[in-house]
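**Q** Residue-level listing of the chains:
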Amino acid sequence: DAGVIQSPRHEVTEMGQEVTLRCKPISGHNSLFWYRQTMMRGLELLIYFNNNVPIDDSGMPEDRFSAKMPNASFSTLKIQPSEPRDSAVYFCASRPSGGSSDTQYFGPGTRLTVL
Amino acid sequence: DAKTTQPPSMDCAEGRAANLPCNHSTISGNEYVYWYRQIHSQGPQYIIHGLKNNETNEMASLIITEDRKSSTLILPHATLRDTAVYYCIVRVAQGGSEKLVFGKGTKLTVNP
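Chains A and B are the protein sequences, given in the same order. Numbered according to the working numbering, the first sequence spans residues 1 to 115. Numbered according to the working numbering, the second sequence spans residues 116 to 227.
FYI, nobody ran anything at the bench for these hints, they're computed from the structure. Bear in mind that the values here come from a model prediction, so they are computed numbers and not experimental data. For glycine and all other residues, C-beta sits at the position ideal for the given N, C-alpha and C. Some hints here could point you the wrong way.
Said to hold, decoys possible - The list that follows gives simulated cross-link-like pairs (lysine-lysine, DSS-like), each with its CA atoms no further than 30 Å apart:
hint, chain 1, residue 1, chain 2, residue 2
1, B, Lys167, B, Lys219
2, B, Lys214, A, Lys68
3, A, Lys78, B, Lys214
4, B, Lys118, B, Lys184
5, B, Lys118, B, Lys214
6, B, Lys222, B, Lys184
7, B, Lys167, B, Lys214
8, B, Lys214, B, Lys184
9, B, Lys167, B, Lys184
10, B, Lys219, B, Lys184
11, A, Lys68, A, Lys78
12, B, Lys167, B, Lys222
13, A, Lys78, A, Lys24
14, A, Lys24, B, Lys214
15, B, Lys219, A, Lys68
16, B, Lys118, B, Lys219
17, B, Lys219, A, Lys78
18, A, Lys24, B, Lys219
Said to hold, decoys possible - Over the 12 Å line for every Cβ pair with chain A, so calculated as not near, a few chain B residues:
hint, residue
19, Pro122
20, Gly130
21, Ser176
22, Thr180
23, Arg183
24, Lys184
25, His192
26, Thr198
Turn these sequences into a full structure, and let the hints steer you where they fit.
**A** What follows is the structure in structure tokens.
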């Protein structure tokens with residue numbers, strides 16, 4: 001099993017540029033989560049999807065951030081325009097459907113640096 | 116979701132048991148206790164979870180007090196690769212918020 005796949009692993013961009021982060025969840029998982037981690041704020045949930053539908057985006061910091069899940073095997077997190085304070089590690093996680101467990105499987109993360 | 120309190124850091128000798136405490140005094144009857152860990156530069160990894168009874172798997176054991184106000188994660192024979200930040204989280208497994216709210220966790224350092 002390949003696990004959750006994220007790309008790119010590292011991204012360096014300049015302020016004002018558009019950034020797109022990509023995630024492929026584990027096959028068969030029906031929930032997908034986007035997190036952001038910084039030293040100051042720790043690990044924060046940005047948005048999550050159930051069956052490709054956004055359920056809670058209250059963690060999305062502002063309108064510059066948007067996330068989509070066009071199908072069960074792909075999701076994107078876009079920042080437009082990017083700002084230096086967006087520099088962080090962005091994690092994607094997926095979770096299987098059913099059962100009582102909330103075991104989330106995290107990807108390796110994308111380290112974003114906005115200059 | 117209820118909040119948790121963990122010590123910011125702990126040390127453990129390699130080969131010894133690591134006992135990581137967590138206080139969750141406001142936990143509700145339908146909230147589970149979850150433990151995740153994050154090894155440096157990696158995504159968080161699920162370890163174990165429980166409701167009332169003690170649980171054990173290939174990674175660790177989870178001891179929950181009878182009043183459920185605190186719990187302890189036990190790594191029976193810590194190795195250097197267990198050095199990580201350990202997060203204790205409580206949440207409703209079904210019917211409640213889907214969110215896992217990560218606190219600051221406990222940074223465990225396993226020393227040779």
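**Q** Each of the hints needs a verdict: does it hold here or not?
**A** Hint by hint, here is what the structure shows:
Only pairs whose Cα atoms come within 30 Å are accepted, and B:Lys167 paired with B:Lys219 is accepted, the gap being roughly 24 Å. Restraint check: the Cα-Cα separation between B:Lys214 and A:Lys68 comes to about 18 Å, which is no more than 30 Å; the hinted pair holds. Note on A:Lys78 and B:Lys214: the hinted pairing holds, with a Cα-Cα distance of about 21 Å set against a maximum of 30 Å. Taking the CA atoms of B:Lys118 and B:Lys184, the gap is about 11 Å. The hint holds against a cut of 30 Å.
For the hint linking B:Lys118 to B:Lys214, the alpha-carbon distance of about 13 Å falls within 30 Å, and the restraint holds. For the given pair, B:Lys222 sits about 21 Å from B:Lys184 by alpha-carbon distance, which is consistent with the 30 Å threshold. The hinted pair formed by B:Lys167 and B:Lys214 meets the criterion: a straight-line CA distance of about 21 Å does not exceed 30 Å. Distance hint between B:Lys214 and B:Lys184 is fulfilled; the C-alpha atoms sit about 21 Å from each other, no more than 30 Å.
For a cut-off of 30 Å, the pair hint linking B:Lys167 to B:Lys184 stands: about 11 Å separates their Cα positions. Proximity of B:Lys219 to B:Lys184 is assessed by CA-CA distance (about 19 Å); at most 30 Å being required, the pair is judged to hold. About 8 Å separates the Cα atoms of A:Lys68 and A:Lys78, which keeps this hinted pair within 30 Å; it holds. Between the alpha carbons of B:Lys167 and B:Lys222 the distance comes to roughly 25 Å, so the proposed pair stays at or under 30 Å and holds.
Taken as a hint, the A:Lys78 and A:Lys24 pair is honoured in the structure, with Cα atoms around 15 Å apart against an allowance of 30 Å. In summary, the hint linking A:Lys24 to B:Lys214 is supported, as the alpha carbons are separated by about 20 Å, within the 30 Å threshold. With a CA separation close to 29 Å, the supplied pair B:Lys219 and A:Lys68 stays within the 30 Å bound. Simply put, B:Lys118 and B:Lys219 have alpha-carbon atoms about 11 Å apart, close enough for the 30 Å limit, and the pair holds.
Of the pairs offered as hints, the one joining B:Lys219 and A:Lys78 holds, with about 27 Å between alpha carbons and a cut-off of 30 Å not exceeded. For the proposed pair A:Lys24 and B:Lys219, the alpha carbon gap of about 27 Å is at most 30 Å, so the pair holds. Listed as outside the interface, B:Pro122 is consistent with that label: its C-beta sits roughly 16 Å from the nearest C-beta of chain A, beyond the 12 Å cut-off. Distance check for B:Gly130 against chain A: the nearest CB is about 28 Å away, which clears 12 Å, and the non-interface claim stands.
At roughly 17 Å, the least C-beta separation between B:Ser176 and chain A is larger than 12 Å, which holds for a residue marked as non-interface. Every CB of chain A lies more than 12 Å from the CB of B:Thr180, the least distance being 21 Å, so the non-interface label holds. Distance check on B:Arg183: its Cβ is at least 17 Å (rounded) from any Cβ of chain A, clearing the 12 Å threshold; non-interface status holds. Distance check for B:Lys184 against chain A: the nearest CB is about 21 Å away, which clears 12 Å, and the non-interface claim stands.
Consistency note on B:His192: stated as away from chain A, and its beta-carbon is indeed over 12 Å from all of that chain's, at 23 Å minimum. Distance check on B:Thr198: its Cβ is at least 18 Å (rounded) from any Cβ of chain A, clearing the 12 Å threshold; non-interface status holds.
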